[in-house]
Amino acid sequence: MKIVTVVRRVPDVEARVEVDGGDVRVSGAAWSLDGMDEYGVEQALRMREGGLDAEVVALAVGPADTEEVLRTALAMGADRARLLVADDADVGDVLARARLLADAIREEGADLVLTGGKQADADSAALGPALAEHLGWPLADWTTHLELDGTQVRAVHDGDAGPETLAFALPAVVTTQQGLAEPRYPTLPNIMKAKRKPLDVADAPPATPVTNVVGRAPERRERARRMLDGSLEDQARELARVLREGAA
Amino acid sequence: MSDTTAEPPTPTPSTQAPSPRTAAPAATPMTRREVEDTFDLDALYTPEERMIRDAVREYVQSELAPHAGEWWREGIFPEHLPRAFGEMGMLGVAIPEAYGGAGATATAYGLVNREVEAADSGLRSFVSVQSSLVMWPILTYGSEDLKKAWLPRLATGEAIGCFGLTEPDAGSDPGAMTTRCKRVGDDWVIRGTKRWITSGTRADVAIIWARDEDSGRVLGFVVETDREGFRAEDIKTKASMRLSVTSELHLDDVAVPDANRLDVVGLKGALSCLSQARFGIAFGVLGAGFATLDEAMHYLEDRPSFGEPLTGKQLVQAKLADMWSDLTKGSLLAYRLGRLKDEGAITPTHISMAKRDNVRAALQAARHARDLLGGNGITTEYGAMRHMSNLETVSTYEGADAVHTLILGRALTGRAAF
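Protein chains in written order, with the working numbering: chain E, 1 to 248; chain S, 1001 to 1418.
Because the hints were derived from the structure by calculation, they are not lab data.
A couple of the hints might just be wrong.
[What the hints assert, rightly or not] In silico PhoX-like pairs for lysine-lysine, Cα to Cα no more than 25 Å straight-line:
(1) Lys1147/S - Lys193/E
(2) Lys2/E - Lys197/E
(3) Lys2/E - Lys195/E
(4) Lys1148/S - Lys193/E
(5) Lys1329/S - Lys1319/S
[As the list claims (entries may be wrong)] Some chain E residues well away from chain S (every beta-carbon gap over 12 Å; in silico):
(6) Arg48
(7) Glu55
(8) Leu100
(9) Asp103
(10) Ala120
(11) Leu166
(12) Gln177
(13) Arg216
(14) Leu232
(15) Val242
[Claimed, not checked] Some chain E residues flagged as far from chain S (calculated, every beta-carbon gap over 12 Å):
(16) Ala30
(17) Asp90
(18) Glu108
(19) Asp111
(20) Asp123
(21) Pro129
(22) Leu135
(23) Val156
(24) Ala167
(25) Ala202
(26) Glu219
Since the model is a prediction, treat every value here as computed from it, not as a measurement.
Built from N, CA and C at the ideal position, the CB exists for glycine as well.
Excised from the complex, chain E in its bound form (with noise of 0.2 Å):
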């Protein structure tokens, strides 16, 4: 069988980013895997190091240098990568990412795709179920737990009022959430050892966004900064009028 992990590049905790003329600009820092796609990859080499004969394909949509992100897959196990090359504005939005993601998972021919439940950078949970939407597969998003039983999948996932147990059947796409598989660290050796392993590079075919981004401004939140006075007693019940009644 095979599994598709897709995983994007995301800016390192460290980066300063600016808004500059509507754009957003990311600098003084790497670029990383994004975390939440990491339990994904983590997720697929779980399963195979337990017995199941799977090939583990590592898969993005992204700048040339997402390249660095694909080669933090292999180290920790994936078997092959992808990549397809597209600038991030030419994308566009994330049901034309999705689009050619899943064009190429079915030229893969997986059965399963695990990605992040949410992007660390645009905080944005659409990517699973755009591509879940793009296959015609069934999804399970915010996944816990997961094992397969023949092609049969059992998924624990967190619902709007708690966990959900949901069974489907593959092909399927699953969205990660944190307790789903803590990521190994990388190891040196792996490292170097990935360097050897496949990278498939090519241009990804033209996007079909269906919106466009016509301006971006920051959200600023200034803080009150305010520091109580005065007996502890009476800065507890300060605190808590302010608690009630909002800091203005």
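Please arrange chain S on chain E, whose structure you already have, making use of the hints.
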């Protein structure tokens, strides 16, 4: 890095000095990554080197750094660490894959040292000794049998190694060693005492240097520590490197087969091993130095004094600027040192200059940080004093500062002044 053009601040009349309870407007200090790589060395490392550095950083910062203060205070080197380091592939970074190493560049090995030493110099000492002083001589001077017997086990951390050159009365002058070896049939019999030996009581194997009674030449041996007559005990009175195991070795007529002898004659064999370790130290100390700068920046930004965060004070900024600048120059030096080693063009003079200068920069940074943290700077709740105290050892071991000074003097003038 953001372009921060200096603008003269609006003077605040002292009568209207803000109350210490009023928080100052939020400043935007540089991030740790920006501080640590001002000249974009990242662009010069290979993708694998960057990935190795980042993986080790994540491991060290998550698994080691939060505990280093406590381990140091308690004087323990946790027993699980060698295997954990081995699983990460941090032992024998530049040793070929065929012998269980990662097969990475010397520069990558240097970067690993730097990340590990950001947690504690004692942790880096373990990595240095295992990789540079035990695995490297076995790889370079050992027979194929010795390589196969030891290197894979040393790489996984299943086996621990130590290096015995220094003696109670022979430190900077290793030629004055009194440990002797004598050929008896197919064996060599070794007798003597070695001191200041990292990992000595934990070691399964020791690289021992001894003077041949017959030829008068220094020879090196791979000595299994379970051989009869081998005994080790720990030095327990250290006020520095408390996280590291430091021992004294006693060899009381230990017999080892000739097959365990390293294929090198003279003190140059031992010195060539030291060159490997010193190379790693030139990178490693930068980790400790930058850790103290990072800690000081955070501490001072959160600590108001005379109405504003201490980071806004001129005397404080002068120290921070010196720390940053000196450690940055050290990083540039280490980068070039790494590439010279990768190209096979490195010399002992390069290594001496880099070890001496980078240890000085890191030690000075740690001393500044200790001072800037005030009373808190003398506790083990913070890293400054621990790093400072460790770096005093690093300044002394692997070629004392004075010895490297004289190596540079000799290279410059052609006159040995030891």
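Tested hints:
1. Lys1147/S - Lys193/E: holds (22 Å)
2. Lys2/E - Lys197/E: Holds, at roughly 17 Å.
3. Lys2/E - Lys195/E: Holds, at about 22 Å.
4. Lys1148/S - Lys193/E: holds (21 Å)
5. Lys1329/S - Lys1319/S: holds (15 Å)
6. Arg48: Its Cβ never comes within 12 Å of chain S, the nearest being 19 Å, so this holds.
7. Glu55: holds (23 Å)
8. Leu100: Consistent with the label, leucine 100/E stays out of reach of chain S, its closest Cβ about 24 Å off (over 12 Å).
9. Asp103: holds (28 Å)
10. Ala120: Holds, because the least Cβ-Cβ distance between alanine 120/E and chain S comes to about 15 Å, which exceeds 12 Å.
11. Leu166: About 32 Å separates leucine 166/E from the closest Cβ of chain S, which puts it past 12 Å; holds.
12. Gln177: holds (20 Å)
13. Arg216: Check passes; 19 Å lies beyond 12 Å.
14. Leu232: About 15 Å separates leucine 232/E from the closest Cβ of chain S, which puts it past 12 Å; holds.
15. Val242: holds (16 Å)
16. Ala30: Violated, since 7 Å does not exceed 12 Å.
17. Asp90: holds (24 Å)
18. Glu108: holds (25 Å)
19. Asp111: Correct as stated: the minimum Cβ-Cβ distance to chain S is 29 Å, above 12 Å.
20. Asp123: Consistent with the label, aspartate 123/E stays out of reach of chain S, its closest Cβ about 21 Å off (over 12 Å).
21. Pro129: It holds; proline 129/E is separated from chain S by about 30 Å at its closest Cβ, greater than 12 Å.
22. Leu135: holds (31 Å)
23. Val156: Label holds. Min Cβ-Cβ 26 Å, cutoff 12 Å.
24. Ala167: holds (36 Å)
25. Ala202: holds (19 Å)
26. Glu219: holds (16 Å)
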